[in-house]
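Visitor: Could you put together the complete structure from these sequences and hints?
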Amino acid sequence: MKQSPVVARWLLSRFTSCTPAALQGDLEEEFRSGRSSAWYWRQIVGAIVAGSITEARVHPFLVLRALASGWIVLLLFFACGDVMAQTLARYAWNWNRSDGYGYGVWWPFHIAGFVVSYVGFALSALMIARTHAAHAMPMVLAYMVSVLSVLAASAALIEWINGPIGVPHTLYYFVSIGLPFMWRSGFVLVPLVIFFTGLFSCGKEMEMTCAGTNR
Amino acid sequence: MRRRDYLGQFELMVLLAVTAIGEDAYGVPIARELEAATGREVGLGSVYAALARLQEKSLVSSRTGDPTPERGGRAKQYFEVTPDGRKAVRDARRAFTRLWRGLPELKGSRP
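Line by line, the protein sequences give chains A and B.
Its first residue numbered 351, the first sequence is counted upward by one per residue in the numbering used here.
Its first residue numbered 3, the second sequence is counted upward by one per residue in the numbering used here.
FYI, nobody ran anything at the bench for these hints, they're computed from the structure.
Backbone N, C-alpha and C define an ideal beta-carbon position, used for all residues, glycine too.
Be aware that a few hints might be false.
Between beta-carbon pairs, the in silico distance windows are [to be verified]:
id	chain 1	residue 1	chain 2	residue 2	range
1	A	387	B	57	29 to 35 Å
2	A	352	B	92	52 to 58 Å
3	B	94	A	469	48 to 54 Å
4	B	69	A	385	34 to 40 Å
5	A	415	B	82	45 to 51 Å
6	B	102	A	510	45 to 51 Å
7	A	534	B	22	32 to 38 Å
8	B	92	A	507	50 to 56 Å
9	A	357	B	92	43 to 49 Å
10	A	507	B	99	28 to 34 Å
11	B	41	A	357	27 to 33 Å
12	B	82	A	411	30 to 36 Å
13	B	10	A	519	44 to 50 Å
14	A	550	B	34	35 to 41 Å
Guide: This is the structure:
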């Protein structure tokens, strides 16, 4: 019997474990009656987007809670970012701040800051996924969209000002990854880090919460 | 009209498809009906999202069928238009007809 793509099925179950079993059955029925794998993947992506929008619409307070908690964890983590980045740079490359100001050697700090930034995004996504059980991935997706929007707006603002701009150290770890000296890596890596952290940390609770439901 | 009562274009299309199909209205035939009408691929996820909204507005009701092997052991969910749903369809038709009558002839609308 023709088998539907396992990864696609797994992805759908992670994203929308409360999806009607009927939808999963319909997809299976259509696939076994001759639809292609490309069709199946398109349907899965569409179902994830439609399901996430529906979840967000049905649970607006959960979205607000997820966004608030994600941003609080992110900014609290970045508030300690200087200490972490300097410690990492010191242990890894024997770098200290006087090397930066004295000799203009900043690359160890930039690399350490890069690591701190992405650890912060991963940690905030992990926290949202672990605290929003049945609705984890739609909430993580909403958080990802909010982070990308703020990142794009702040990078555009900095480019528009086009001159030296004082940024609190806490925000450095947020905005730096959207700027040219970090190759604007944030626009690719932030969604990936948040998405995959959420994906691999939401599992069991979702299955338990939604087991047997047929919404 | 309250915002939650507003019937979007896709919702109306799904409601009409459920009405047209009748007793055997579940995800697959609904999506196929819409594809035949629009000539475009329709996402089953979007169909279910619209059905969930219609159910929330009490315009359709659903019942669960028996699980079958060709569906990976999952049951079909059959949908039926409620009396409120039929009224919504009639209201929409009336509104569209009224608006349509008020339109001047569209350029290029005749072969």
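Visitor: None of the hints should be skipped; say for each whether it holds.
Guide: Hint-by-hint comparison with the structure:
1. For the pair residue 387/A and residue 57/B, the beta carbons lie near 31 Å from each other, so the given range of 29 to 35 Å is met.
2. Evaluation of the 52 to 58 Å hint for residue 352/A and residue 92/B yields a failure: the beta carbon distance comes to about 43 Å.
3. In this structure the supplied range 48 to 54 Å holds for residue 94/B paired with residue 469/A, their Cβ-Cβ distance being about 52 Å.
4. Between residue 69/B and residue 385/A, the C-beta spacing of about 20 Å breaks the proposed range 34 to 40 Å.
5. Taken as a hint, the range 45 to 51 Å is violated for the pair residue 415/A and residue 82/B, whose Cβ atoms sit roughly 36 Å apart.
6. Range check, residue 102/B to residue 510/A: about 47 Å between beta-carbon atoms, so the 45 to 51 Å window is met.
7. A hinted range of 32 to 38 Å for the beta carbons of residue 534/A and residue 22/B is inconsistent with their spacing of about 50 Å.
8. Residue 92/B and residue 507/A have their C-beta atoms about 52 Å apart, which keeps the hinted 50 to 56 Å range intact.
9. At roughly 45 Å, the beta-carbon separation of residue 357/A and residue 92/B lies within the given 43 to 49 Å, and the hint holds.
10. Between residue 507/A and residue 99/B the C-beta distance comes to about 50 Å, which lies outside the given range of 28 to 34 Å.
11. Checked against the given bound of 27 to 33 Å, the beta carbons of residue 41/B and residue 357/A, roughly 30 Å apart, stay inside it.
12. Roughly 32 Å separates the CB atoms of residue 82/B and residue 411/A, a value that falls within the hinted 30 to 36 Å.
13. Under the hint 44 to 50 Å, the C-beta atoms of residue 10/B and residue 519/A, about 47 Å apart, fit the expected range.
14. Distance hint check for residue 550/A and residue 34/B: the Cβ-Cβ separation is about 36 Å, which falls inside the suggested range of 35 to 41 Å.
Consistency with the previously given hints fails for numbers 2, 4, 5, 7 and 10, ordered from lowest to highest.
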